[in-house]
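Asker: Given the structure of chain C, go ahead and fit chain G onto it with the hints provided.
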Amino acid sequence: MVIRDIIAMLLILIGCFFFLTSAIGLLRFPDMFTRMHATGKCDTLAVLLVMTGLIIHHGINLDSFKLLLIVVFIYIANPTATHVLSRAAYRLGVQPWTKDKK
Amino acid sequence: MKSFFLGVDIFLCLMVFLCLYRVVFGPTLGDRIVATGAIGTKTLTILVIIGFLYGRVEMFLDISLAYALLNFIGTLAAAKYFEAKGEF
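Top to bottom, those sequences are chains C and G.
If you want our numbering, it's the position in the first sequence, counting the first as 1, plus 74.
If you want our numbering, it's the position in the second sequence, counting the first as 1, plus 5.
Next comes chain G alone, as it looks inside the complex:
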């Protein structure tokens, strides 16, 4: 089961790099924010599976929960800020 978790983690890291293309080369600002949110969701899953891999689930679950909160607040703040600033 541990090698399966390791394979899932490597696959998710690959997905993060696919999304990173849209962050770097995205044509508009909105594309970059959307891709950053998607990367945050994938990172949360990666963190939980790393906890299962190392056998310390309880610590990594708290980190993951905090990461979910920060990701949500960050996306919301970016949307509000760029809406008030008037460029997208």
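Next comes chain C alone, as it looks inside the complex:
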């Protein structure tokens, strides 16, 4: 077991933790906007962590460049999709959840 593999496993495990956080948030939060809040950020960070772990495991070549490309694309696309969805819901008059209104 090389030290590089240990670092890669640690990063992938932290990424898995963030995937778990996103799934729990999607299941447990009360509203569409709060669920978007959970998935939109946790998934982006988890993809970054897992791909960084895979780059460290694989070394520097063309494949790791493609992995980096996936990370950059997810970092642009995922917040944009969340933003467009929440804007559409807000324009159509979906009321955000508040604590006393239920």
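Since the hints were derived computationally from the structure, they do not count as laboratory data.
Treat the hints with care, as some may be off.
[As the list claims (entries may be wrong)] Computed footprint of chain G on chain C, listed as stretches where at least three residues anywhere in the stretch have a Cβ under 8 angstroms from a Cβ of chain G:
| hint | region |
| --- | --- |
| 1 | 94 to 107 |
| 2 | 138 to 147 |
[What the hints assert, rightly or not] Okay, derived cross-link-like pairs now, DSSO-like style, lysine-lysine, Cα gap no bigger than 30 angstroms in a straight line:
| hint | chain 1 | residue 1 | chain 2 | residue 2 |
| --- | --- | --- | --- | --- |
| 3 | C | Lys115 | G | Lys7 |
| 4 | G | Lys7 | C | Lys140 |
| 5 | C | Lys140 | C | Lys115 |
| 6 | C | Lys115 | G | Lys90 |
| 7 | G | Lys85 | C | Lys115 |
| 8 | C | Lys173 | C | Lys115 |
[To be verified] From the structure, some residues in chain G lie toward chain C, with a derived Cβ separation under 10 angstroms:
| hint | residue |
| --- | --- |
| 9 | Leu19 |
| 10 | Met20 |
| 11 | Cys24 |
| 12 | Tyr26 |
| 13 | Gly31 |
| 14 | Gly35 |
| 15 | Val62 |
| 16 | Leu70 |
| 17 | Ala84 |
| 18 | Gly91 |
Keep in mind that this is a model prediction, so the values were computed, not measured.
Each residue gets a CB set at the ideal place from its N, CA and C atoms; glycine is no exception.
Answerer: What follows is chain G alone, placed relative to chain C:
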């Protein structure tokens, strides 16, 4: 390292099934679209790790990149379509 990748893949499949609950039983349409996007992101990671598992990284990376593009376009199109239609 291969058994570790296999364990990560099984864990991510479990997360996909947790998100699938929100797709099937989601109260509103927006919940279903959000959960579908989250499933797409998890599937992308699963595909990359399957490439590492089978030793054919270069092929599965291209598939994963195309999947990321299609997931983004799909979410965007669904949001625009249901906004124009006026139901959410």
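Asker: Confirm or reject each hint.
Answerer: Hint by hint, here is what the structure shows:
Taking a C-beta to C-beta cut-off of 8 angstroms, the region 94 to 107 of chain C contributes 7 residues in contact with chain G, enough for the three needed, and the coverage statement holds. Using a Cβ-Cβ cut-off of 8 angstroms, 5 residues of the region 138 to 147 of chain C lie near chain G, which meets the minimum of three, so the contact claim holds. Restraint check for lysine 115 of chain C and lysine 7 of chain G: the C-alpha separation of about 29 angstroms stays at or below 30 angstroms, so the hint holds. Proximity of lysine 7 of chain G to lysine 140 of chain C is assessed by CA-CA distance (about 21 angstroms); at most 30 angstroms being required, the pair is judged to hold.
Between lysine 140 of chain C and lysine 115 of chain C, the direct Cα distance comes to roughly 22 angstroms. Compliance with the 30 angstroms bound is thereby established for this hinted pair. For a cut-off of 30 angstroms, the pair hint linking lysine 115 of chain C to lysine 90 of chain G stands: about 28 angstroms separates their Cα positions. This hinted pair checks out: lysine 85 of chain G and lysine 115 of chain C have alpha carbons roughly 22 angstroms apart, not beyond 30 angstroms. For the given pair, lysine 173 of chain C sits about 22 angstroms from lysine 115 of chain C by alpha-carbon distance, which is consistent with the 30 angstroms threshold.
For leucine 19 of chain G, the interface hint holds, the least distance from its beta-carbon to any beta-carbon of chain C being 9 angstroms, beneath 10 angstroms. For methionine 20 of chain G, the suggested interface contact is upheld, since its CB lies about 5 angstroms from the closest CB of chain C, less than 10 angstroms. For the restraint placing cysteine 24 of chain G at the interface with chain C, the shortest Cβ-Cβ distance is roughly 6 angstroms, inside the 10 angstroms limit, so the hint holds. Given the 10 angstroms rule on beta carbons, the hint for tyrosine 26 of chain G holds: about 6 angstroms separates it from the nearest Cβ of chain C.
Interface restraint check: glycine 31 of chain G against chain C, minimum CB-CB distance 9 angstroms, threshold 10 angstroms, status holds. Against a cut-off of 10 angstroms between C-beta atoms, the interface hint on glycine 35 of chain G holds, since the closest Cβ of chain C lies about 4 angstroms away. Contact between valine 62 of chain G and chain C, as hinted, is supported at the beta carbon level, the nearest pair being about 5 angstroms apart and thus within 10 angstroms. Given the 10 angstroms rule on beta carbons, the hint for leucine 70 of chain G holds: about 6 angstroms separates it from the nearest Cβ of chain C.
Because the smallest distance between the Cβ of alanine 84 of chain G and any Cβ of chain C comes to about 5 angstroms, under 10 angstroms, the interface hint for this residue holds. For the restraint placing glycine 91 of chain G at the interface with chain C, the shortest Cβ-Cβ distance is roughly 6 angstroms, inside the 10 angstroms limit, so the hint holds.
When each numbered hint is compared with the structure, no violation occurs for any of them.
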